[in-house]
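In order, the protein sequences belong to chains Y, C, W and V.
With the numbering used here applied, the first sequence closes on residue 428, and no number is skipped along the way.
With the numbering used here applied, the second sequence closes on residue 428, and no number is skipped along the way.
With the numbering used here applied, the third sequence closes on residue 845, and no number is skipped along the way.
With the numbering used here applied, the fourth sequence closes on residue 845, and no number is skipped along the way.
Hint data in this document are derived by calculation from the structure and do not stem from the laboratory.
Since the structure is predicted, the reported quantities are computational estimates derived from the model, not experimental observations.
You may find that some hints are simply not true.
Covered, in the sense of this in silico footprint (three residues per stretch, anywhere, with C-beta under 8 Å from a C-beta of chain W), are these stretches of chain V [stated by the list, open to error]: (1) 479-486; (2) 495-502; (3) 605-611; (4) 825-832.
Listed next, the in silico EDC-like pairs over lysine to aspartate or glutamate satisfying Cα-Cα at most 20 Å (straight line) [unchecked claim]: (5) K405/C x D418/W; (6) K180/Y x E148/Y; (7) K763/W x E632/V; (8) K690/V x E639/V.
Sample of chain V residues lacking proximity to chain W, with all beta carbon distances greater than 10 Å (derived) [claimed, not checked]: (9) D327; (10) A557; (11) M569.
Ideal Cβ placement from N, Cα and C applies to all residues, glycine included.
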Amino acid sequence: MATVIELPIQSYEGLIDPDWCPGCGDFGVLKSLKMAAGRLGIAPKDLMLVSGIGCSSNLPGFIHSYGVHSLHGRAVAVAEGIKLGNHGLNVVVTGGDGDGYGIGIGHFIHAMRRNIDITYIVMNNQIYGLTTGQASPTTMKDMRTKSTPRGNAEMPINPIALALVSGATYVARGFSGEPEHMARLIAGAIAHRGFALIDVFSPCVTYNKVNTYPFFKQRVYKLEDDEAYASSDTGMALNRSFEWGDKIPIGVFYKEEIPIYEDSEPVLQKGPLVHQKLGLDGTVFDDLMEEFM
Amino acid sequence: MATVIELPIQSYEGLIDPDWCPGCGDFGVLKSLKMAAGRLGIAPKDLMLVSGIGCSSNLPGFIHSYGVHSLHGRAVAVAEGIKLGNHGLNVVVTGGDGDGYGIGIGHFIHAMRRNIDITYIVMNNQIYGLTTGQASPTTMKDMRTKSTPRGNAEMPINPIALALVSGATYVARGFSGEPEHMARLIAGAIAHRGFALIDVFSPCVTYNKVNTYPFFKQRVYKLEDDEAYASSDTGMALNRSFEWGDKIPIGVFYKEEIPIYEDSEPVLQKGPLVHQKLGLDGTVFDDLMEEFM
Amino acid sequence: MRELTVGIGGAAGDGLDKTGDTLAKTVSRLGLYVYAYNSYQSVIRGGHIWLRVRLSEEKVYSHGDQLNVLIALNQDSIERHAPEVNPGGAIIYNSDKLKVDPVLPRENVLTVPLPITTLTKQFGKVQPVMQNTVAIGALVFLSGLDFDTAAEVLADTFKHKGQAVVDQNVAIARAGYDYSKENFVPLGYEWSFSRQRRPFLTGNEAMAIGAATAGCRFYSAYPMTPATAILHWMANHADQCGIVVKQCEDELAVINLAIGAGHAGVRSMCATSGGGFALMTEAIGLAGMIESPVVIVEVQRGGPSTGIPTKTEQADLNQVFGASQGDYPRIIIAPADVTDCFYSTVEAFNLADKYQLPVTIISDLLVSEHPETVEAGALVGNVPIDRGEMVTEWSEDKGPYKRFEFTKSGVSPRALPGTENTIYVAGSDDHDEGGVLISDVFTSPPVRRKIQEKRMRKMETALGELAPPTLEGPADAQITMIGWGSTRGVIVEAIRKLAAEGITANQLHVKYLVPFHTNEISEILRKCKRTICVEANYTGQFARHLRAETGITIDDHIRKYDGEPFEPHHIVEEVKAILAGTVKSTDVTLDEAREMAYHYIRTRLSETLRPGAISLTTREGIDERLWSVEVVTRDTAEKSGELLIGIESGSTHSWRAAELKQGASG
Amino acid sequence: MRELTVGIGGAAGDGLDKTGDTLAKTVSRLGLYVYAYNSYQSVIRGGHIWLRVRLSEEKVYSHGDQLNVLIALNQDSIERHAPEVNPGGAIIYNSDKLKVDPVLPRENVLTVPLPITTLTKQFGKVQPVMQNTVAIGALVFLSGLDFDTAAEVLADTFKHKGQAVVDQNVAIARAGYDYSKENFVPLGYEWSFSRQRRPFLTGNEAMAIGAATAGCRFYSAYPMTPATAILHWMANHADQCGIVVKQCEDELAVINLAIGAGHAGVRSMCATSGGGFALMTEAIGLAGMIESPVVIVEVQRGGPSTGIPTKTEQADLNQVFGASQGDYPRIIIAPADVTDCFYSTVEAFNLADKYQLPVTIISDLLVSEHPETVEAGALVGNVPIDRGEMVTEWSEDKGPYKRFEFTKSGVSPRALPGTENTIYVAGSDDHDEGGVLISDVFTSPPVRRKIQEKRMRKMETALGELAPPTLEGPADAQITMIGWGSTRGVIVEAIRKLAAEGITANQLHVKYLVPFHTNEISEILRKCKRTICVEANYTGQFARHLRAETGITIDDHIRKYDGEPFEPHHIVEEVKAILAGTVKSTDVTLDEAREMAYHYIRTRLSETLRPGAISLTTREGIDERLWSVEVVTRDTAEKSGELLIGIESGSTHSWRAAELKQGASG
Ligand SMILES: Cc1ncc(C[n+]2csc(CCOP(=O)(O)OP(=O)(O)O)c2C)c(N)n1
Ligand SMILES: Cc1ncc(C[n+]2csc(CCOP(=O)(O)OP(=O)(O)O)c2C)c(N)n1
Ligand code: SF4
Ligand code: SF4
Ligand SMILES: [Mg+2]
Ligand SMILES: [Mg+2]
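Put together the whole structure using the sequences plus the hints.
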């Protein structure tokens, strides 16, 4: 890898100031993302952020880079298309738990087994924020929300475990209360060749009064602080992914370097599709017609 | 549980003979399903089969019971609605790997975390049969199909592992070459209170020339034959779910009894919704209007 | 008719809605009619919110054209709305935080500065929202409302928080009331309070209650503005009404669960907006094919795509009409107001059961989210429930039960799964009378032809029982105003205003969009002198639909697609322009230029600036006339930049002002 | 004009398609024109398949009305199609397995029993499909085709399997040829073989090649009949054509990947059928909103819902038109034949790029799956490629780049992500020129109004460059036949037949459905004497669309919705009925009753039975006239039951025959 010229965080200062509620966890993610991009020296023009719909999905509007603020639940699919269309871009998907683990879970799982080279940051506030506080796929069992006044009857989804059994090659978890740590996770994810998931505890200060900053501050510990832990062992990673209680792990659960989807595409070996000239070369057209004579 | 009067397999003889290709694995599933229903003494009128679209999804047309032959990928969702509408029915979803793990994976995963009392039988032939042989989500890596002439570039999905981390409370695998064994699995699944998955190796003799009867006959072994194995241990189950090679396990990977979704619904405690009288009782309407005055 | 319109302006999180509620409930209890509309943004905190509450002694059908009292909770609201306050009105604001530039208000408008801090400090720690309560107190005094009733409402609102909170709120309101009493003369409104109790609710609430009343037993949903309130109501009343309420992973699940429940035999409903409905269309075709009843509510919002999620529009008709592939039987109903929302929902359930098909109720943000007072007793609990032809028992000697029997009406008596001797498979593949697929081994063209005819026959049968629309108003009127859905009320009011100006108009409002009363409507329109269609979308989807169904081309069109609902004066002005033969211009007006400047300043410049003087100009190299908008500092009003806005294109040609912002990257 | 239609009937898995290919390729190489249509079922093995191959010295536009030679591969095919063979024709069948009941064929039809086993035993182990090859040999002799050419084709077909296989196949064909030569006289066809080489391909293949030729670089898909063949072609030619072909998990992914790729700047396409398209609609609105080019192919099949998946219909127009919520710019094109499929696809890519919007090509099973001979040189490789206004470089001193600039044409020059100084966010929420959301903090009604106008302006601009349809044929014709998509060819042939009967007709065929040439089409239709719309659906979706766009009501309609394509005689007969003023009856005809009986017998009784004599009757307690269909045993023809089919309803009133089946549960 060529030597990196780091960029100051200001390089990514967006045209618009974030309109999140004061204290929203997403501010931390925005900051960490800028730090990470800066450290990797990614020019804004080479950074493509793709999001769905939700408070968290508004992030691309608040950073100086290309962005597609797509449909609720479709960000990963749009991002896959963009990546295959121009794999010269650093494609980062930023969205919410409802967006990614609810309506978007199909794309999430299938993108992972493809190991396409995308970084996926999920601002997991365990609630539907933009729609004012209904249960999300990660809302804790029995929690009361606007859509579950009696308490949530469903087991929350375990995104880390899903990622581990679905073939993601970089699986991590961050916390908005730890922006520096998260910046390292994001930098690692973007640098990683393959599908990288970063599930982030990003508290919704307005609608989730349970999973708050204090809730996580008291509980989170860093996997890297545990010598016993090896981020190359799926079994170990799976065990830790189920840890939820007094201690909750953050950091890199799993990391593995294997060929990415783009490697399997002969056409992409000639460089980004978008830079390849249009039209068929030489006698190809005639060869195609021959088949029908 | 009341004493069961078993029913002969003929009780489920369908109006129409199956139109599957001679030798299709789905014949075995149909037979095992009838055997299982008979042993549990389920009257045809109390059995509701729900399917999507695919060769496998044609099954409800070939058995004497109620059926909804719904949309590709939506069977589980339709089944959840039917179950909540009338939980007096035994609801069994029968479909294919493309139907359930491809287009339908979102419903699959979310139904499991709900632990709704449905049995889901997936005739997993690792191919799209009805559409004449494209790669499915369980098609082995590098296998050539009509849609992957260069070989499949994607990691196959691991339905057993997905079920285990998603909260399914009965997770099993069968093989069409072992109808008696499969019948036991299905009977166990229907009898089980909660979401039960049975992934079935059901060879497509026409479009999948790799994962054939001989392929599985040589490899499958029964978990119940292994004393060391405990179907109450998720970790163990996860390990076995990744076994794929000379030896491939079939049988019950995991089983657990916990409250089902229906238990959490006060309204359902009064009996099946469909039998509850329509309209609001007593002064409820006036009470509702009071809130707006 | 005595009436008063109060506008409350602030930001999300300022608690406007609660304040509006208190006001609306108070006057409702006094026996006045209320119609409110809240113009809000897709943001949880901040942004600009503009709530209008119209009070009147007689029923009102829109939020009207007037602004009599402004309650400003932030500076933006003063700057933008102070000039709108009618003479004789008042501007109420927190003088500790805000100020009113004397140039803003018109003649004879009372400014009511409230020293909130001083007024509230005695009550210990007060949340910012309590400034609203003080303002309410002031408003009650100024507009001659009854304080005790307001106190009652506050008491009911806060009783769950305990007496202390109740007392504090009442006292705070009282402080506002007394302070105004000491310092200002009332605006001189003389009300006669009937104190007749009437419900005050939104269209969404009416649809939810309508469903519950009609025996809805299953409701599935995925949150989506502006349909979410139905989910919230359902969730909160599930046990009370015996409804299973299921939030699903997405709208694909929502509709398929609803269809499953409907197929099992329970009355089921789901609701969403345009984007969610797009995901439901395939399954709606399924319901049509397997002939299972289901009710879908589509609450339209500004599109296309995610669009303007908190704004109103009527542009999903094409989508609802075009839902799913192929020809299949279905019914589409567009309710016009809150009462209609209730009964349309009840009717939707009966139609869905009788004709065994999907019924879509197409609403919009305006009708669904605005609350209004409905007549006492207008909504009743004992509604007719008709489940249609059901087979509850069947004996083999009648021969095998044929779920899809080819009948004259097209309706095949329905047996629910679990009924003895009625076993069948309902398939999305086409099938014969007995449910056996015809797509499989042996497609039989004639069987296909006959089942398709059988299914579609249900549409004619259904049309027969739906009430055709009627022409309201003088048959010989100069013009006929045509509308659908939420525009009925505002058209009614526009027609009254036109009458006052000597222009006679009558009104044709269409409720049933599919099936369509082609004959009756053609009959009516053929007699009309000049037809004008009013709808809130760009392409005129309803006018197109009407022409498609009748061949009749409507003469003129009044359309709005900026997200804000029609106000009577919009229609009146356009009608007059149409009659005068003036072609409608899409040029940017001066007021619009100011609004555009506001958007630009707030998004790209800063909170400390605002638009100043605006003048016409032209510039070298720009081939259109321009609005030159001065950008000035809020307090000192000194010029700090200029924006050039194209009158024709609406393009902001000069971005020079952008330099004012640090680090702004353009 | 000399022509011949061969019908090949059998079951799925009998290898009909290969046989048809061999025949078609053979005559193509001889310089004849071919048009083939395969009527198949949604089943992998078994079922009834009916392939018609029409050969002619001049171009033919449909599979025609004739049946000259029947190649029957099973007994069903003989029973059902033998009576259709025209006098002078022949019935070729395997006499070891099948027999022809002498009552079936008409006068002067040659029966050609082939003792396959004897003829093939010398070649060792022969697969059943080789009976087809023998039949081909016989056909070549009987219809005066050239055996050597057939041998060539067989050689090319099997060369990848080695010389041995080639020799065996050629020898087997030869055996059939020689045997017929010894035992039968040829049918007396005199052909002049131009031996002009012309491509013989399907509409799906033409669209795929059209895409590749136009520079499509990304193709995503999820298999769905009848669009799957495009995926297969793309997958097989991906590397050769430099296309990334991606099969996705569902159609939601398919369209969103395609849009992503299009947004990144590559030409991208996807294809599906009605059900899959239903899942794509939300994203199509997204493409309209973010103004990203994408091409979608919707190949219609019989609906509603899963419907009749292997049958043709034109009933998805409502869906394609109504795709997604709100008003947004898009283009919809309906290709009429194979050549048109190629050029429509090329054009679709250019339009998508120039106007930065989604272009949907609405095809149907007939045009997509039928193969036909296209004129030599009709398809060329050097097609025009126009990417529209692109911004390839931008300097800050021009001010910030405005992705959605409000221009006169509505088209805002597009910079691809990665271009220096052009950073922007493309949002599904509505936005201003710079891409900043207007739905969020500060919705600005005038900005919203202007961007909506800007987007929609593109439609007018685009309409300007699309070729308006023209009236083909005599301007003063008695009738004007109106159609869209796949019906053009069959209408052309029907018009010729009508002319032969002294009825003059001209033709208006519409290709661009959105935007619509309202003025030009109104202009044309106003001059027409009597208009008749021909379309393959129940409700007349196109006639409705045309009325919606023009206000013009078409006089008469010819519709078909049984899944089988129109044949010229269908149109001719209906036109004559229309002119005669006879109202169309939906009663079940005798032939239809037989087909319905076949369906009933095959699905509920047994393979050993078939319909026998059919007579008119009535029955106590059934309030309609009935067809009484005898059910007889296949071999002995003895009566073993009776079916009563309602003439009006099509209902099978009597199910008595069902008792014949063991264990049948009704
Ligand atoms: C198809 C569709 N369904 C529903 C919605 C409404 N909607 C917008 S955001 C959202 C959920 C947001 O939750 P999450 O993804 O967790 O983001 P957060 O706001 O919590 O950051 C929903 C349901 C939509 N925009 N589109
Ligand atoms: C929305 C939609 N997309 C695509 C299809 C076409 N389709 C029918 S069956 C099928 C796949 C079947 O594969 P699988 O579920 O594995 O069943 P199998 O035939 O292998 O038993 C597809 C893609 C459809 N019917 N609906
Ligand atoms: S609602 Fe929650 S998620 Fe949304 S901005 Fe506010 S705090 Fe953040
Ligand atoms: S194609 Fe495969 S899956 Fe389908 S019926 Fe034949 S063998 Fe079974
Ligand atoms: Mg969230
Ligand atoms: Mg399969």
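Hints versus structure:
1. 479-486: holds (count 7)
2. 495-502: With 7 residues in contact (Cβ-Cβ under 8 Å with chain W), the coverage given for the region 495-502 of chain V holds.
3. 605-611: Since 5 is at least three, the answer is holds.
4. 825-832: holds (count 5)
5. K405/C x D418/W: holds, 11 Å
6. K180/Y x E148/Y: holds, 13 Å
7. K763/W x E632/V: holds, 14 Å
8. K690/V x E639/V: The hint holds at about 17 Å.
9. D327: At about 39 Å from chain W, D327/V clears the 10 Å cut-off, so the statement holds.
10. A557: holds, 31 Å
11. M569: holds, 20 Å
Violated hints are absent here; each numbered hint is respected by the structure.
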